[in-house]
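Peer 1: In case you want the letters, here they are:
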Amino acid sequence: MSELHIVVCGSIVPDPLQTLAPTEGPSGWALKNEMMLPAVLDPWAGHALFEAAALAKANPGSRVWLVSLAPKAKLQQVMMSVSQKAPFELVVADGPASGFTDSFETARVLAESIKGIAGLDTGKLLLFGGWQSASRGSGAVMQMVGEILGVTEQFQGVDKLAVRDDGSMEVKERIEGGAYQISVVSGAPAVFGWATGELPEPPNNPQTGMQNMQKNMPALMQAKPADLSGSGLRLSEVAVPQQRRETRVVKDVPVDDMAREIVEWLKA
Amino acid sequence: MNTVLFLAHTECDGTLHKSALEALTAATALAGGLGHTLVVGIIGAEVTAAADSVAQCGARIYGVSGPAFADGRYASDLAAAEAVAKACDAQIVVAPATSRFSRALPGLAVRLGGRVDTHLSGLEAADGQPVARRWFYRQRMEGTLTRSERPWVLTLDSGCAEPFSGAGKAEVEALAVDVATRTTVSGLECPSADQQTIRPDARVLLVAGAGWTKKQADGAVHVDAAEETILTFLNATKSSLGSSKSLVDISGEGHAVISFLTHMHQVGQTGSSPRHAKGLATCCHGEEPHVVGWRFIGERRAINTDAGCGWAQGKCDVLYVGDAFAVMKKVNELLG
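Residue numbers (my numbering), protein chains in the order written: chain A, 1 to 268; chain B, 269 to 604.
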């Protein structure tokens with residue numbers, strides 16, 4: 001087994017149970033009451049973080065960094081719970097986590113943050129992140145971060161990563177039709193955009209949380225504002241589809257009649 | 269004259285996927301609307317048959333072929349795409365949002381010094397400018413966007429345009445591309461024909477909600493019966509099987525689970541948003557993320573014991589208020 005330097009890119013998103021509405025402000029499109037919405041770690045980035053922690057534990061001497069572009073006040077709230085899940089070192093770029101932010105600008109800021117990590121050995125680098133986000137969902141940021149950093153072995157929709165004794169890695173990537181593509185990469189550095197992986201969410205460990213926050217609070221406090229102004233992206237309109245169906249409610253009807261109607265509909 | 273490049277990769281049999289033909293329709297219309305030249309680039313082990321299948325689009329066709337391009341792999345696909353884009357000096361690149369190109373083409377934007385927008389739901393020329401539409405926050409709101417940067421790489425989701433039709437005899441200009449990579453594709457792991465999953469070509473999506481694993485009227489759970497009922501229906505109809513996230517996740521909470529459901533079946537906010545002509549939801553309840561899973565389903569029906577279910581009201585066409593165990597058992601009997 002070998003030492004790995006695993007950098008996980010992940011930001012925060014509104015709690016999925018919240019009703020979202022767009023609004024246009026002086027600085028462009030945003031979510032209505034965005035700063036008031038409860039936030040969570042992006043689900044796919046969360047899977048990537050848990051996989052990174054498990055991989056680091058299995059490879060002694062490995063380190064895990066979580067690099068996040070997000071408003072630091074909201075990020076701090078989310079970190080109170082995420083920090084209890086797995087040990088990691090936090091790197092923060094203070095900026096919007098909005099889904100309306102340009103994916104390239106996001107990638108550029110993340111790549112610059114990663115370049116600034118002290119002690120990171122790019123020869124041992126495994127760059128993790130979600131294959132998409134629950135905000136913009138571009139599925140493009142990780143590839144661009146990797147490309148900017150010169151990492152050209154890349155995988156997306158990853159559900160399994162197995163490190164072999166010789167340092168090579170077998171990767172299962174989701175492709176169309178519920179199938180997987182199996183690949184082998186000779187070793188680090190490489191980029192992995194995770195789907196759900198195969199690990200359950202770790203239970204909270206308050207001790208891990210306290211150790212993490214002792215290191216990570218300074219990172220939050222010292223986070224520098226990120227500049228994402230270099231984009232020519234213009235959103236002319238954003239709207240929630242208002243389509244509402246006239247639902248016909250069938251009740252107090254015998255089961256046989258319901259079933260017959262469903263079968264006729266299926267066969268039509 | 270400026271160039272719109274349509275990029276495609278071949279399937280295992282050397283043909284182009286339907287989503288590629290749809291993207292070609294969009295690229296052709298965009299090039300026409302902007303007054304740009306359309307160029308086609310095809311990547312694969314062998315590209316002649318694919319080029320012939322789109323010969324009547326009237327575009328110059330570049331091909332990058334050989335064993336190194338048979339499988340989807342970031343380094344080789346990106347090297348091929350970069351070579352074609354540079355050969356025709358593309359200002360706009362349009363490609364299907366397949367898993368293969370979704371992996372590789374964001375990197376193309378970096379190499380070309382351009383930008384990328386992915387998973388588009390629409391693309392057109394308006395006032396001499398390309399205008400794209402895409403979803404934000406997992407299909408919860410749709411936006412219209414433009415960009416000043418060029419080259420602009422665009423990937424289009426399937427089902428957003430009519431497939432191009434126009435076969436003939438094409439002339440392909442071959443480009444030689446060197447590939448340096450440390451990755452070897454060793455194969456595919458495909459679900460068997462009887463294994464239940466999201467089937468892109470299925471007409472019907474069956475969504476299984478958490479109610480299948482909850483206590484029933486007799487105070488007991490009946491997961492065995494639920495599994496048998498769901499599998500019998502799927503075997504009879506060859507439908508896609510989707511699941512709510514709660515049903516997939518409850519294994520971590522120590523609850524009974526349906527053995528064949530995994531995160532691969534998840535639809536909604538943290539899963540897929542499949543496109544099927546019909547959808548039948550069973551034992552689901554109404555929360556905001558579920559709306560996302562329904563977004564692209566045509567005709568929608570639901571079976572639920574709650575007549576006021578928020579999952580169904582205003583979102584499905586017909587709500588059957590009843591016990592899904594009983595109704596689906598009878599449905600299976602009628603399906604034979």
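Some hints could be false.
To be verified - Straight-line Cα separation of at most 20 Å, PhoX-like style, residue types lysine-lysine; simulated pairs:
hint : chain 1 : residue 1 : chain 2 : residue 2
1    : B       : K506      : A       : K172
2    : A       : K85       : A       : K215
3    : A       : K85       : A       : K57
4    : A       : K57       : A       : K215
5    : B       : K437      : B       : K506
6    : A       : K57       : A       : K124
7    : A       : K57       : A       : K224
8    : A       : K124      : A       : K74
9    : A       : K224      : B       : K546
10   : A       : K32       : A       : K74
11   : B       : K598      : A       : K224
12   : A       : K267      : A       : K74
13   : B       : K506      : A       : K251
14   : B       : K483      : B       : K546
15   : B       : K437      : B       : K546
16   : A       : K251      : B       : K286
17   : B       : K483      : A       : K267
18   : B       : K483      : B       : K597
The set of hints was computed from the structure by calculation and includes no laboratory data. These figures come from a predicted structure and were not determined experimentally.
Peer 1: Are the hints correct? Go through all of them and say.
Peer 2: Now for the hints, and whether the structure bears them out:
1. In summary, the hint linking K506 (chain B) to K172 (chain A) is not supported, as the alpha carbons are separated by about 26 Å, beyond the 20 Å threshold.
2. Restraint check for K85 (chain A) and K215 (chain A): the C-alpha separation of about 15 Å stays at or below 20 Å, so the hint holds.
3. Restraint check: the Cα-Cα separation between K85 (chain A) and K57 (chain A) comes to about 13 Å, which is no more than 20 Å; the hinted pair holds.
4. Restraint check: the Cα-Cα separation between K57 (chain A) and K215 (chain A) comes to about 19 Å, which is no more than 20 Å; the hinted pair holds.
5. Using a Cα cut-off of 20 Å, the hinted pair K437 (chain B) and K506 (chain B) is violated, with the two alpha carbons roughly 37 Å apart.
6. For the suggested pair K57 (chain A) and K124 (chain A), the alpha carbons sit about 15 Å apart, so the restraint of at most 20 Å is met.
7. Taking the CA atoms of K57 (chain A) and K224 (chain A), the gap is about 31 Å. The hint is violated against a cut of 20 Å.
8. Proposed proximity of K124 (chain A) and K74 (chain A) is contradicted: the alpha carbons are some 31 Å apart, above 20 Å.
9. For the given pair, K224 (chain A) sits about 50 Å from K546 (chain B) by alpha-carbon distance, which is inconsistent with the 20 Å threshold.
10. A hinted pair counts as satisfied when its Cα atoms are at most 20 Å apart, and K32 (chain A) with K74 (chain A) qualifies at roughly 16 Å.
11. Taking the CA atoms of K598 (chain B) and K224 (chain A), the gap is near 62 Å; set against the 20 Å cutoff, the hint is violated.
12. Our distance criterion of 20 Å between C-alpha atoms is broken by K267 (chain A) and K74 (chain A), whose separation comes to about 51 Å.
13. Taking the CA atoms of K506 (chain B) and K251 (chain A), the gap is about 28 Å. The hint is violated against a cut of 20 Å.
14. About 29 Å separates the Cα atoms of K483 (chain B) and K546 (chain B), which puts this hinted pair outside 20 Å; it is violated.
15. Proximity of K437 (chain B) to K546 (chain B) is assessed by CA-CA distance (about 38 Å); at most 20 Å being required, the pair is judged violated.
16. Our distance criterion of 20 Å between C-alpha atoms is broken by K251 (chain A) and K286 (chain B), whose separation comes to about 41 Å.
17. Distance hint between K483 (chain B) and K267 (chain A) is unfulfilled; the C-alpha atoms sit about 32 Å from each other, more than 20 Å.
18. For the given pair, K483 (chain B) sits about 18 Å from K597 (chain B) by alpha-carbon distance, which is consistent with the 20 Å threshold.
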